[in-house]
Amino acid sequence: MALVADSGSAAQSWPGGPGFKKPMNKKIGNIDCVPILYEFLPHMADAKFRAYGHSLEEVLANAATALVSLMWAADRVRPIRKESIKVEASSLEQLTVKFLTEFLYLLDVKSFLLAKVESIQVEEAQKDGRKLYRLEAEVAGDSASPEYEIYGLVKAVTYNEMKIEKTDGLWLLEVVVDM
Amino acid sequence: MDLVRISEYSWEIPKSGQMRVPARIYASKRLIDLAGRDQTLQQAKNVACLPGIQRMSYVMPDAHQGYGFPIGGVAAFDLDEGIISPGGVGYDINCGVRLLRTDFKESDLVARKKELLAEIFKEVPAGVGKGGVTKLSSRVLKEILIKGARWAVEGGYGLAEDLDRTEEGGQMKEASCEFISERALERGIPQLGTLGAGNHFLEIQKVDEIYDEKVALAFGIEERDQILVMIHCGSRGLGHQIATDYIELMGNEFGFKDLPDRELINAPFKSRLGQQYYKSMCAAVNYAFANRQMIAHWVRSVFEKVMGEARGMRQIYDVCHNVAKVEKHTVNGQEKMLCVHRKGATRSFGPGRAEIPAVYRYVGQPVLIPGSMGTASYILAGTAEAEELSFSSTAHGAGRVMSRNEALRRFRGEQIREELAKKGIELKATSWKGVAEEAAAAYKDVDEVVKVSHETGLGKLVARLVPVGVMKG
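In order, the protein sequence lines correspond to chains H and F. Once you know that position 46 of the first sequence is 46 in this note's numbering, the rest is easy, because the numbers rise by one and skip nothing. Once you know that position 431 of the second sequence is 610 in this note's numbering, the rest is easy, because the numbers rise by one and skip nothing.
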C-alpha cells in the first residue's frame, strides 16, 4: 500500500481541533512514511479516495477533507464561518454518504467552503429495533468568493466500491464520488 | 468472461448465472479492449440480472464503468414485472445537449470572437459555489419542475418553436414535486440557469464536414464553416440530490443484500417508491430542460448585443442522455410500453416515430454527441434499425480513458489554452486546474465512437462540428 498521497490532492493539513489525535506514522518495510489523512486511489472516470483515522469520527472528518480537496484547497480557506451538521443513518455506509453529501449541500445552498471539521461525534442508538447512527458535527470554513478557486465539482457521493473497516485500531474508509 | 464477437462491431456476453438476458456491446476491437480494462462488462452483466429486463442489456460504443449500471448502458423493463433504478439514470438527471444553428459563417465572427465568448462567460453563470442570477421562490421552482422549458418560454426565455425542437417538448408530463425532499428543492433554487463544472461546457462551433447533405439540410445545417452553439449541462444539485435520496429510500425499503452492487438498487416500476422516484426524476428532467432553455436565451441575447443580430439562430434540438422514459417498443414481434433507461446514451428514434418533431419526422431525430472539451462533436440521425439493435439508442460522448489525477499530472490548463489558441480556439474557464482535468487526451476518440454508431446503424453520421470558442464552467 503506497502511503504517499497522490499529487492531485490539494489539502494535506491536519484539521486539528478538539478531540483529534495526529495519525500514527506508518512503517512499510524499513521505510518510515509521513502520516497521512487520506490518499487518492486510481479511478478512471471519477474519483476514489481512502481516508484513515484512529476512530470512526476521525476517519469521517478526514474523508470530508478528502472530498472537498477535489473541489477547493481546504487549507487555504479561512475558518471564519461555522455550520452545524446533523445526520442519522441506518448503516455506516449510509452515514458516510449522508455526512459527505452535507458538504455538497452546504456548497450549493449556503455557498459554504469547508476549511476544517472542528468537532464530530457519532452515537449508536436503536430505533424500532433497528440500529441507528446519529452524527453531529461542527464545521468551519468561509463563503465562496473569487478569492477561492473552485477547480472541480463533485456531483454525488456513491456507495460504489465503498469500504469501511477497522483493523488494529486504525479505521479505513474508501469512497468513490461522481464527478 | 465469455465474450463472443458477432460482427465487426458487436459483441455478446451469453446468458449465464443469474442473467435473465444476454448482454450486447457495440464497439470496435479497440473500444472493447478499453471497456475490458474496467468493470463495464461486469456491470452490463449485472444489469442483465434485473427483474423484467427485455431482450438484452445493451452497451453503447463510448461505455465506461459507472455505478451499478455502466455509463453508456441501455436497459428496458416491462412495466408490470420490471423495475426502475436511479443508478440506471445516473446522478445528473437529464444531463443533455442543446444545439443552436445560425446563419453566421466563421469569417463573420473572427474580429468579435473574443468579445462574444467573454460576453457569454459574463451572462451565463457557471454557478459554482455562487449559484445563478435568478432568485426563485419555492413556489416558482415547483412550477418549473412541472412545466420545464415551457415555463422558461412563457417567461420570455426563448421561442415557442424551441419547445417543439426539444425531446418531450421540453416537459415530461408525469412530473410531480410531491415526493422531492426539501434538501433537493433547496439545492435547485440557486442553481437554475447555471452551467455547472466538470465535463459540462458551452461551445461556439463551426461545421467542419457534412456527411449527409439531405439530412443536414433538414436539420438546418447548410455549409461548412456555418456557426452553431452547443450547450452541455444537466439538472445540477437538484437532480444529484433526488438520485441520492432515492438510492437511500429504496435501500431502506428493499435492501440490497441480493444485489451484486449496492448502486443497482431499484424498485418495481409500479410500486409506490418506483412511481415516486419516476415522478421526481421527471421533475428533475424538466428543471434541466428549463436550465438549457434559459442558457440558450442568454446566448441569443449575447449574439444580438455583440453581432447586432442573432442571424438565423434557431434551435436544432435538445436531447437528454441520462434518463428513464416510458416508450413503445417491439419485443418478440409485439408492441409494448417499456421503461427504457438510458444512462450516458442518447435516444435515436428513426423516421416516422411520433415523438420526433414533425419537421424531422421523415429523416429521424437529431442525435447530438458532444466530444470532450475542445474536440469535435457530431450530429447523427436516428435510424429505424436502432429500434431492433438498442431500443433506439446510441452513444452520448467520448468517455474518459485517463483518471483526473493522471490528467492533472500530465497537463496544465494554461498550456491547453495555448494549444487550443494555436488551432484558433478561444477558451474561457473558471479554473485552469478544471481545464487540465478535462484535457482531450483524457478521453476516448469520439471519432471512433461515432464511426461504430454509424457502421452498426445505431445512428447515422450527418455532420462533424469543431469548436471555435469554448466556455468551461
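Hints are computed from structural coordinates only; laboratory data are not their basis. Cβ atoms here follow ideal geometry from the backbone N, Cα and C, with glycine treated the same way. Honestly, I wouldn't trust all of these hints.
Keeping only pairs whose Cα atoms sit at most 27 Å apart, straight-line, the calculated DSS-like set for lysine-lysine is [claimed, not checked]: (1) H:Lys163 <-> F:Lys436; (2) F:Lys458 <-> H:Lys98; (3) H:Lys166 <-> F:Lys321; (4) F:Lys194 <-> H:Lys98; (5) F:Lys436 <-> H:Lys131; (6) H:Lys82 <-> F:Lys458; (7) F:Lys436 <-> H:Lys110; (8) F:Lys301 <-> H:Lys110; (9) F:Lys515 <-> F:Lys458; (10) H:Lys127 <-> F:Lys602; (11) H:Lys110 <-> F:Lys352; (12) F:Lys321 <-> H:Lys98.
These stretches of chain H come out as covered by chain F in the derived footprint (C-beta under 8 Å, 3 or more residues) [stated by the list, open to error]: (13) 43–57; (14) 91–104; (15) 109–120; (16) 154–166; (17) 169–176.
Beta-carbon label-pair distances, calculated as ranges [said to hold, decoys possible]: (18) F:Ser286 <-> H:Asp75: 27 to 35 Å; (19) F:Glu514 <-> H:Arg130: 27 to 35 Å; (20) F:Glu353 <-> H:Lys110: 52 to 60 Å; (21) F:Gly335 <-> H:Lys131: 38 to 46 Å; (22) H:Pro146 <-> F:Glu598: 34 to 42 Å; (23) H:Glu136 <-> F:Lys301: 14 to 22 Å; (24) F:Val538 <-> H:Lys127: 41 to 49 Å; (25) H:Lys110 <-> F:Asn511: 49 to 57 Å.
Legend entry - Hinted pair F:Lys458 and H:Lys98, Cα distance within 27 Å: holds (23 Å)
Legend entry - Range hint 14 to 22 Å (beta carbons of H:Glu136 and F:Lys301) holds or violated: Violated: the Cβ-Cβ distance is about 42 Å, outside 14 to 22 Å.
Legend entry - Within 8 Å of chain F's CB atoms, at least three CB atoms from the segment 109–120 of chain H: coverage verdict: holds (count 3)
Inset, instruction - Take the C-alpha atoms of H:Lys127 and F:Lys602, compute the straight-line distance between them, and say whether it is at most 27 Å. - result: Between H:Lys127 and F:Lys602 the Cα gap is close to 63 Å, so the pair fails against 27 Å, i.e. violated.
Legend entry - Given hint F:Lys458 paired with H:Lys82 - CA-CA distance at most 27 Å: Outside the cut-off at roughly 36 Å; violated.
Legend entry - Given pair status - F:Lys436, H:Lys163, alpha carbons within 27 Å: holds (15 Å)
Inset, instruction - Sort out whether F:Lys352 lies within 27 Å of H:Lys110, counting only the CA atoms. - result: With Cα atoms ~31 Å apart, H:Lys110 and F:Lys352 exceed 27 Å; violated.
Inset, instruction - Using the Cβ atoms, figure out if F:Ser286 sits within 27 to 35 Å of H:Asp75. - result: violated (49 Å)
Inset, instruction - With a cut-off of 27 Å on the C-alpha distance, tell me whether F:Lys436 and H:Lys110 pass. - result: Violated, at roughly 36 Å.
Inset, instruction - Determine whether the Cβ-Cβ distance between F:Gly335 and H:Lys131 falls within the hinted range of 38 to 46 Å. - result: violated (53 Å)
Inset, instruction - Examine the segment 91–104 of chain H: at least three residues should have C-beta closer than 8 Å to a C-beta of chain F. - result: holds (count 6)
Legend entry - Pair hint H:Lys166 and F:Lys321, alpha-carbon separation not exceeding 27 Å: violated (44 Å)
Of the numbered hints given earlier, the model fails hints 3, 4, 6, 7, 10, 11, 17, 18, 19, 20, 21, 22, 23 and 24; all others are met.
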